[in-house]
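Could you slot chain B onto chain A? The hints should help.
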Amino acid sequence: MITLHTNYGDITVELDFEKAPLTAANFLQYCRDEFYNDTIFHRVIANFMIQGGGMTADMAEKPGRPSIENEADNGLSNDTGTLAMARTMDPHSASSQFFINIADNHFLNHKGKNPQGWGYAVFGKVVSGMDTVDKIKGVATGSTGHHQDVPRDSVVIERVVVSDAYADR
Amino acid sequence: MSILLISDLHLSAERPEITAAFFSFLEKSAARAEALYILGDLFETWVGDDDPSPIVKNVTTALRRITKRGTHVYLQRGNRDFAIGKHFSRETGCTLLPDYHVANFYGEQLLLLHGDTLCTDDRQYQRFRRLIRCPPVLGLLRRLPLSVRRKLAARARLKSMASNANKAENIMDVAPDAVVAALQRAGVQTMIHGHTHRPGAHALQANGKTAERIVLGDWDRQGWVLTAQPSGLELTSFDIEPLE
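Respectively, the protein sequence lines represent chains A and B.
1 is the number of the first residue of the first sequence in the working numbering; add one for each residue after it.
1001 is the number of the first residue of the second sequence in the working numbering; add one for each residue after it.
Calculated from the structure, these hints are not laboratory results.
Incorrect hints may have been included.
[Unchecked claim] Coverage of chain A stretches by chain B, computed from C-beta distances (three or more under 8 Å per stretch; other residues unrestricted):
hint: 1; region: 42-48
hint: 2; region: 103-109
hint: 3; region: 146-159
Using N, Cα and C, we set each Cβ at its ideal position, and we do this for glycine too.
Same shape as in the complex, but just chain A (with noise of 0.2 Å):
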């Protein structure tokens, strides 16, 4: 299990290691380096999701690892409480950002290998924290830059510790 440790409070979550092999292990290789120590959620919809792991508190881009394959076709579902990668509009895409589904977001599944069907790779889910969760997708959010959810008080993921039931992964 991975805990992330953010100033809201901690979030556990669980990868899928079977059904998603190449997000999981991505994901987990970004928690190992500590990429994502000091950066942040930017992106809060309420009703809809919340999404980090790429900008930091001075919503500068941090630059991440090639994009890996989209691993949407899995069969695993945009569910309230599952962890997805977001990417661009290409859907091979995906580096180091990814959300939490706070809705089941069933539209955001795979539908067909074209660039409008492919949908967001889920990769894993939260095991505890989803307390954590519903006060981050409460907080207030505005416009920076070209962003237009972003928190007006940064919710930082300060800290991730990675349990050493994945030491062998």
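Below, chain B alone, put in the same frame as chain A:
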């Protein structure tokens, strides 16, 4: 104090970033407004109020959240989602408006419409519209099994794309005579519509006086909102972010 107007979001599972932008707009802007008017084509297709597709479910929840919190949401049907019915309006708490609606914003009367009825030069479409909107035909359509309606909607969409590709640009815009006639019938000097995806404001003469036609934009790379305040109307756009 403000009233917001939008149209032509064409929400579909194929463009989740538009749905995300709509959710953000609802939570941030619409929730703080007195009222939100959606002037048609909120959805790319509408096969019936019984459609259990995820996007309809999520949009229903999102709309209900803001109507419950006190924002009045008014909805007109567009040429794509003309089959939206009472069930959807009940579930969301939105008020369905007729195709032509005169609203009073801070003392000013304005005619609100989707805009497809103004494109009278497109005779082929107007014939189709008359047929599909007549209550017996619409009633019959609503009684077809969902799977059949889905197929019909997909086929109609393809046909429309193919035929629009061959239509001259000007017949897909509004006909000036139709605009003047609509303003005269309503007895007002300002109309607001969408449909043509040509956002802007146009001055004209109607009822022997200066009149104005404001066109809302479709949501694609940018979203468009018309804000009505006691001080006047303002059309603005904003960037739509991918889920990156």
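Right, here's what the structure says about each hint:
1. 42-48: holds (count 5)
2. 103-109: Since three or more residues must qualify, the claim that chain B covers the region 103-109 of chain A holds, with 7 doing so at under 8 Å.
3. 146-159: Holds, because 4 residues of the region 146-159 of chain A bring their Cβ atoms closer than 8 Å to Cβ atoms of chain B.
In the structure shown, no violation is registered for any of the earlier numbered hints.
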